[in-house]
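So the chains spell out like this:
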Amino acid sequence: MKNFLELKNCSAVKLNDLPVLPFADFRQTLIDSVGNENLRIAAFFPLQKSSDRYLCAVLVDAAHRCLRCALSGSGDKFPSLTPEAPAFHWFERELFERYNMEPYGHPWLKPIRKADGDYFTMEGDAVNEVAVGPVHAGVIEPGHFRFQCMGEKVYSLEISLGYQSRGVEKLLEGKFSSKTLPLFESAAGDTAAAAATGASSLIEALTGTQISQRASQIRAVMIELERVANHTGDLGALAGDVAYLPTASFCGRIRGEYLNMTAEICGNRFGRNCIMPGGVRYDIEPERCKKLLKHLERVNPELKHALDLMFDSPTVLDRFENTGSVSPETARSIGLVGTAGRASGLKMDLRHELPAGFYETAAPKQAPGGNGDVLSRAKVRYNEIFASLEFIGTTLQNLAEGSVYTPVSAPLQTDSIAFALTEAWRGELCQIMVTDAQGDIAQCRIVDPSFHNWFGLAMALRNEEISNFPICNKSFNLSYCGHDL
Amino acid sequence: MIYWILNLILALLLAPVLFGVLNKVKAFFAGRKGPRIMQTWYDIFKLLRKGTVYSTSTTWIFKFAPVGTLAALAIAMLFLPLGFTESPLRFQGDALLFLYMLGLGRILTVLGALDTASSFEGMGAARELEFSIISEGTMLLLLIFLALQSGSCELSSMFCGRGGSFWLKAAPAMVLAAVALYVVLLTESCRVPVDDPETHLELTMIHEAMILDNSGPDLAFIHYGAGLKLWIFGAILTALVIPADTFVPWAATVIMTAGCFLIAVFVGITESMMARYRFLKVPQMLMGGFCMAFAALALLLISGGVK
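If you're matching them up, the sequences are chains A and B in order. Going by this note's numbering, the first residue of the first sequence is number 571, and it counts up by one from there. Going by this note's numbering, the first residue of the second sequence is number 8, and it counts up by one from there.
Just so you know, the hints here were simulated from the structure itself, not pulled from any lab data. Any given hint might turn out to be false.
[Unchecked claim] Quick look at which bits of chain B chain A covers, simulated, 3 or more residues with Cβ under 8 Å:
1) 25-39
2) 120-133
3) 155-168
4) 244-256
Cβ atoms here follow ideal geometry from the backbone N, Cα and C, with glycine treated the same way.
All chains should be built: construct the whole structure from the sequences, respecting the hints.
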């Protein structure tokens, strides 16, 4: 690990400062480190430096509260890391798909964003194959699910995505413009506040801008409101999927209340167009702050009541308990992040591990983990909701004085790379920006938490009843567009 | 006879309204307004005016299934003592024909589903048959229970020929029989906790999965048939527990109609209070119902409520 460069979260560094390792060392260090409890892979992608292409790996080092990064010249063919470190499974398939690189020895090398019909199948008379999607019965995003079953039991699930692929990373290249932030925000529309915060931090790191405490507080409040609204919606949807009506309908309404609070701050229910490099566009004046606090005071007990109704219902608990389990060992080896990772007992939360912005001062309490079933994922969300609500309340009451915007005057630092990791509501959102000699954006990289977690859903379904797929799926509620980009 | 025909007309008109009441109750518990009471009727009329789409992979079986199912259910209904009045179509042993008509309706739906060769419909059909194995057994035990109480194998006399004092003779057995019949009712009418009529998730459906490919008038027949089925089970549950055959006919008519609606309210409350069971648990619940029916029968024999 010593040979990797140590970095702070939300910081920028010159490309030439990144160490270039021999591939054998690079590979071995990565394999050794992702098996470690405190290290996980955040990004793994080809980086263009002058005329050469290198593989770049970014690791989260929780023990030392830092990021670690290194490059290596791999060539187009290199021995796959996946057989020894399954967390690289999806990353290597992406390399294969988008850069024609061949990690040989990869157990299932096929594109992740292109349906190619070549699915894993089981043979035998009693086997039935069920295909779901990409067009679904609800108003949801497209994705294709292939189940190999015997009767009601699922032996394997293969998830085929890519229907939302629209080349976001490519669109981000070029001059930094008024389109850059909206593009980051729309990578996964339900994660706009977290994405905008991360993207703004990238620009601030590349320009050396310091934002005010008040602005970072407002950013944190918006990220947490986003978390609360999404968790509320998902818990309601979970109740709906097991036909538990009261919580399903209450949560649908209450989610709207939290979205309205976000709209109260910035005029957009999904928190768009508010967070920008240098701070935030809209201040929360004392009057609106009071209004928000009052609104919170009214809605929070309603939410608690609606959720407790569900968590006290034995028939609901029976559905959630021991359903769709992902063991801690599996979760660690495939590299689950965020709520799903925490529910499987992994201690990870960027707000505590690599705090940036206001989280350096204060952060919501970390939710206790679980054993990886649907109930744990629901419980983690439940606990996070109330931790975040408490955090929102105290932050709003203690807003620092000052302006909420610091003009960004300097141009982007040339030939540099900046990193921002944000704990979005689904989990770790990694954004990376590389600049060229002119100070334009040469390359952008977005690793949505869903990118790490989709394979977790496939694992959760092994040996599970096929009728439990909807609640397993809902308990993860991963993003299709965030994955496909 | 006149009252029986009047009750038949009432049943044919009001059966889809049961869902309206049921959905209102569910909406009340969820803090919503809910669809209108007559919504199912509106849906049926809307569907009747629409065209039907048939997949090229289906055969005449798929076209026949919805009509056939509705016909089978309607015929079954004709043997019931509607409004606690003897059916004009009664004969010794019609109880078995009644049971077989319900079975025929089911198997036609299942065949129609399998005819589409869709994996969802296949799963739905498999689940439907798995659960009906147990619920049909329970139903048969309950018919034996009634036959012993009334000393007859004719549906009309089985319900109406038991005298007014069967509660006094075998109250515990009656309670068990009523609960067992309620379990059968929930299963047969595809309600929570067995099935979820509201879900859009194909992988968890039973009845809804079997009718995914139906459209237009065919779907209208299926919706209407579902209403009739709920009325049939509501009527026999009412007739099982209330000895109203001695009442004046108009009062008996009111009691039966009110009974059916009250049961719809109960179903709505049940659905609002609990989540649906996972599929592995459903057979356990159905076996529970079967055992209750069996215990009811045993208690009846012991307590001497046999005629």
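Evaluated hints:
Using a Cβ-Cβ cut-off of 8 Å, 5 residues of the region 25-39 of chain B lie near chain A, which meets the minimum of three, so the contact claim holds. Under the rule that three or more residues need a Cβ within less than 8 Å of chain A, the assignment of the region 120-133 of chain B holds, with 5 such residues. Evaluation of the coverage hint for the region 155-168 of chain B: breached, as 0 residues show C-beta separations to chain A shorter than 8 Å, against a requirement of three. With 0 residues bearing a CB less than 8 Å from a CB of chain A, the region 244-256 of chain B misses the requirement of three and the coverage assertion fails.
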